[in-house]
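2 protein chains.
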Amino acid sequence: MKQEVINIAKQAQEASRALGNLSTEKKNKALLAMANALVKNAAYIKKENAKDARFAKSIGKSSAFVDRLLLDDKRIVKMADGLRQVARLKDPVGDIMKSWKRPNGLLIKKVRVPIGVIGIIYESRPDVTSDCISLCLKSGNAVILRGGKESIHSNIAIFETLKKAASKCGLPSGSFNLIKRTEHEAVKFLLGLNDYIDLIIPRGGEALIREVVKYSKIPVIKHYKGVCHTYVDKDADINMAMKVCFNAKVQRPATCNAMETMLVHESIAKKFLPAMTRKFKDAGVEIRGCAKTRKIVSGVKQAKESDWGTEFLALILAVKVVKNLEEAIAHITRYGTKHSDAIITRNKKAAEEFLNRIDAACVFLNTSTRFTDGNQFGMGAEIGISTDKIHARGPMALEELCSYKYKIYGKGQLRN
Amino acid sequence: MKQEVINIAKQAQEASRALGNLSTEKKNKALLAMANALVKNAAYIKKENAKDARFAKSIGKSSAFVDRLLLDDKRIVKMADGLRQVARLKDPVGDIMKSWKRPNGLLIKKVRVPIGVIGIIYESRPDVTSDCISLCLKSGNAVILRGGKESIHSNIAIFETLKKAASKCGLPSGSFNLIKRTEHEAVKFLLGLNDYIDLIIPRGGEALIREVVKYSKIPVIKHYKGVCHTYVDKDADINMAMKVCFNAKVQRPATCNAMETMLVHESIAKKFLPAMTRKFKDAGVEIRGCAKTRKIVSGVKQAKESDWGTEFLALILAVKVVKNLEEAIAHITRYGTKHSDAIITRNKKAAEEFLNRIDAACVFLNTSTRFTDGNQFGMGAEIGISTDKIHARGPMALEELCSYKYKIYGKGQLRN
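If you read the sequences in order, they're chains X and F. So the first sequence is numbered by this note's numbering: it starts at -5 and just counts up by one. So the second sequence is numbered by this note's numbering: it starts at -5 and just counts up by one.
Worth flagging that the hints you see were computed from the coordinates, not collected in a lab. Incorrect hints may appear among the rest.
What the hints assert, rightly or not - Distance windows between CB atoms, simulated:
(1) X/K92 / F/W94: 10 to 20 Å
(2) X/A58 / F/K182: 37 to 47 Å
(3) X/K342 / F/A44: 40 to 50 Å
(4) X/G199 / F/Q245: 26 to 36 Å
(5) F/K68 / X/K342: 48 to 58 Å
(6) F/S261 / X/N188: 54 to 64 Å
(7) X/I0 / F/K182: 26 to 36 Å
(8) X/N15 / F/E393: 19 to 29 Å
(9) X/N1 / F/E305: 26 to 36 Å
(10) F/D75 / X/C163: 51 to 61 Å
Here a beta-carbon is modelled for each residue, glycine too, at the ideal position from N, C-alpha and C.
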């Protein structure tokens, strides 16, 4: 097993050296050919996928799990469209991020380059396979994929289809790689190969991510969880606050950027909370409120200490009435996860105070935390959302998959 | 011990929340007061420093070691000048790195913010104490310092002097912190506190850095070593090549950006090597050459396999004659450390090929690798040089000590 994994890592490193200098045209041509191959091989992919679905059902996986796993023609076309979309995105490699001349005449250019070899550890969502391959390829990185064992047949089918198409277009053979061994030990071993792999991006639930961080000798960019807050200030437009909070909680509650806790200024609570909670209840949202909330609205469950800071990922909302902006900031600082937090207010001073002091990847004024997303930001894609502060923060796409180098042009200058 | 370290980490995190929003004016005022305090307390600092020097001598440390440790009036003034220089640098915090509007009217600003809490693990160079405090303060980060035990009295004296001055200027008390416990276990424990510390920067030899990487649960930005190459191409200006190579090797051989291996194109070797090696030998440089080098120049020691890839940090140079640019790139790819590598050539195509394909933080054309340095780059300071590719690469100063956040301004936009 070890030799197999190490050979893959070596191949990936070898390929990454060529990939970094591949032309945009060649990368795009390969991406389009890969998209066509996916559609052409739909029958084969579906056949392999059916094996995974049967297995998942046989071991008693939930219907939601099996649904995420399933690939039909529509989903395969969607994966292919994803590849075509990445082909249309601007190539980040070679961008001159900054350029300046020193008094001694040295010209310094800060140039965007690929990171090198990226390892992706993910759960059983076969569409992640093609997503990550396309984004890493366009950003000039070699990639090593390790997906969940429940989707292994689907992953192999997608991977082999894409690989064959890419190699016909002349891409280096180690450009993308799939660890086909499903033992747990293979992941642990991979995470120790810091001589070959430059970055690990885990994609999945918190347990998976904590496990990766625990074992990795390679830098990890991670997304632990999104406990997102919306604070309705005393100077909020109540009508806007109702719509934005409803959107943040209800539009897609299972996502990391959905609101989990709503904070309400006490001087607006009596006007705002009764109508707001009614709207939530009509949509099936369970409210867990603080004592003050329960005085204003009847029939609200008492929030437990553990409800603050919980990522429900469901139609459940914790609600707290706060004395002022200061208490709202203190609450978010204590229970937040540095993902996305919003303030609803017409008061510019309060808004800037909130946006400056809340330590989160994305801080919002008068809009929904649901906008934390690579596509919504205009990045055209997303490989994940970072809750880290090192390298990349918030939505990550092609630029975030790059590092940089300095090119220094001289004419014989010497250092004194 | 553990409680002491954890209290420091908590204080630092608390302080970092205020530091991130401190005005430039307040930070600069503190830096100038701190500079004055250093000079005013020179007698106290020298007295404490003398204790360290006596101890270092008593345990048989080398005279070079003791010299690096020693603080006289000149060095104290230099530290103070360093603080004043950092006060003059542009404040990176709050910079709008990018700003754009989405079709739905959302205004997105990418804004530079401090990283948070930075831990610095260093050896026995007391000037690092004031350097790191000033750079972290100006970039809005709280800092936790842990220096070598041989300079503990000096570090405490500098730290207490700076802290008193800073607190008179109203800086939060946990802004900078020194771990005064000298046990090895204190470092290991510190490296596990990923809930409080955002980044570790080790400063010192390779052994120290490997140790830090081994134990850290916190992201580490590191500098392993600099095995820097200069490749003298067939189209080099020989006169320029002689001067640049001499500068890269001899001007300050003990630094990480000094040249350790010189590669020479075989078609220029006979013209270039005899005069070049004579010049090196006159300056006391020991040459260790490949077989081809030894055929051209007599009296050259045979290079062993282990000489390629060795960071001599001394007047020793490995020399290899290569067939072409391709072999030069292959050699550097195999033995280099992604730090700094140079090509000397008048051939533009060869130059771009080299600069694009060499995977190093800094790639130079027709100049000395010795220019890899924050001050030489015009950053005004340097907290270290990163040989990593994640977050920061090459010289690191104020901007590299920052992360970013997205501020998103809406008018009630909802996600569909």
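We went through each hint and held it up to the structure:
1. Taken as a hint, the range 10 to 20 Å holds for the pair X/K92 and F/W94, whose Cβ atoms sit roughly 18 Å apart.
2. The given range of 37 to 47 Å is respected by X/A58 and F/K182, whose C-beta atoms sit roughly 43 Å from each other.
3. For the pair X/K342 and F/A44, the beta carbons lie near 57 Å from each other, so the given range of 40 to 50 Å is not met.
4. Between X/G199 and F/Q245 the Cβ separation comes to about 54 Å, which falls outside the hinted range of 26 to 36 Å.
5. The hinted window of 48 to 58 Å between F/K68 and X/K342 holds, with their beta carbons roughly 51 Å apart.
6. A hinted range of 54 to 64 Å for the beta carbons of F/S261 and X/N188 is inconsistent with their spacing of about 39 Å.
7. Distance hint check: the CB atoms of X/I0 and F/K182 are about 29 Å apart, consistent with the given range 26 to 36 Å.
8. Judged by the Cβ atoms, the range 19 to 29 Å given for X/N15 and F/E393 holds: they are separated by roughly 27 Å.
9. Judged by the Cβ atoms, the range 26 to 36 Å given for X/N1 and F/E305 holds: they are separated by roughly 29 Å.
10. Against the hinted window of 51 to 61 Å, the Cβ-Cβ separation of F/D75 and X/C163 comes to about 58 Å, which satisfies the hint.
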